[in-house]
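Listed here are the chains, written in short residue letters.
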Amino acid sequence: MTAGSDPIELELREELRHLQGLLPERIDIDPDDVERGLAGLVLTLVEFLRQVLERQAIRRMEGNTLNDDEIERIGVALMRLEKKIGELAEEFGLDPDDLQIRLGAPV
Amino acid sequence: MTILLRAIVGASDAAKARGADPALVVARAGAIVALASHHDGTLTAETPALLEHHRIVGEIFERAPCLPARFGGVFADVRTLGIRLAEREGELALALAKVGQRCELAVTLAWKGAGAMVNGSAVVPATGRDYLERGRAQLHALRSREARAKAVVARLVAELPLEQAFTRHETCPRPAVAASMSLLVTRDQIAAMRSRIEEFGATLPDITTTVQGPWPPYTFAVSA
Amino acid sequence: MAGLPVRRHAVSVRTQQEVPLVELVDRLLNRGVVLAGQATISVAGVELIYLGINVVLAAADKINSGETS
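As they're listed, the protein sequences go chains A, B and C.
Per my numbering, the very first residue in the first sequence carries number 49; after that it's consecutive.
Per my numbering, the very first residue in the second sequence carries number 4; after that it's consecutive.
Per my numbering, the very first residue in the third sequence carries number 123; after that it's consecutive.
Derived from the structure by calculation, the hints contain no laboratory data.
The structure displayed is predicted, hence computed values, not measured ones.
A portion of the hints provided could be inaccurate.
[What the hints assert, rightly or not] With a straight-line Cα cutoff of 25 angstroms, these simulated SDA-like cross-link-like pairs (lysine to any residue) come out: (1) 132(A) - 132(B); (2) 132(A) - 203(B); (3) 131(A) - 153(B); (4) 153(B) - 104(A).
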């Protein structure tokens, strides 16, 4: 597929580029706390993917290519996922801010 | 004991630059040398170590044109550093020549009242649809901030008497920041540049401007 | 090789006052010459995984768009 042939794919690539900035460039794990370090890595990646999915869902919602039922189901799934990520972060003693996680109301 | 890379200077400036810190060690590769400090191997990227890096790089920069190293460049010994340096000698010598005597000014355009910035409803979403609608509102608020930041940066860059090649910027790099800019300027340009930026900043109702520096040219040490 | 454990510094802004420090820390951690290679995850000084997420994303990007690097 050549660049410029699919506007939706162009937007996705643009968003990926934007969200790439959220990922830390270096990830280092304290040998005394490997579990926590790996958990942080995993949760950062999951949150990153969650945000990509959410943006895609929003775009589809705006483009009217999702019906009401789909919107509701996707919204609930993403909301639960965000909540779960926040809970896991807390369990591992990680600061959700470090994972770029929104928790309820924004500051 | 391993060594931590601080900066790269021209070979002819090595003796001068070493004056920055008696403990600096030197690795040579043709036209350039790398200056490094010993450390005991338990390196953490915490503020004191970072500020120490900045201090030493600053001292080197006071004495000779240099390419600052990113913090955390650890090498087993001077020999290893020399090998890595030699691999990039041509490219680094060129970068050093380009940067020359210039220094970096860091301009931060920050949103006023960032603490009060509300992206959408403060209510926890009750339904899946509400959740996506909230996400949409946040996304739109983000996009309009990005557009505003881009427009302001474009105006500022246009006003500054500086070639594009000597400016870099990122819009919305962090929640509180509209734009983070780096300017590569000669020392005699500093005062004029500062006052142009501050004058410009005073006209913005929603953004504060802060200028820091002159710093060693971290942002311009490697080509974009 | 730059593989010794370096504890990650969270470059986040809690208050307006911290912005200037964060700008400096951002430069010290993310700009400047790097001689020793890409992002790695190391445990106890041993490099175990090469994590080039940004590289992977960029490569996927290029593959999809039909560009070559």
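Next on the checklist: Run through the hints listed earlier and report the numbers of any the structure violates, in increasing order.
Outcome noted: When the structure is compared with the hints, numbers 2 and 3 turn out to be violated.
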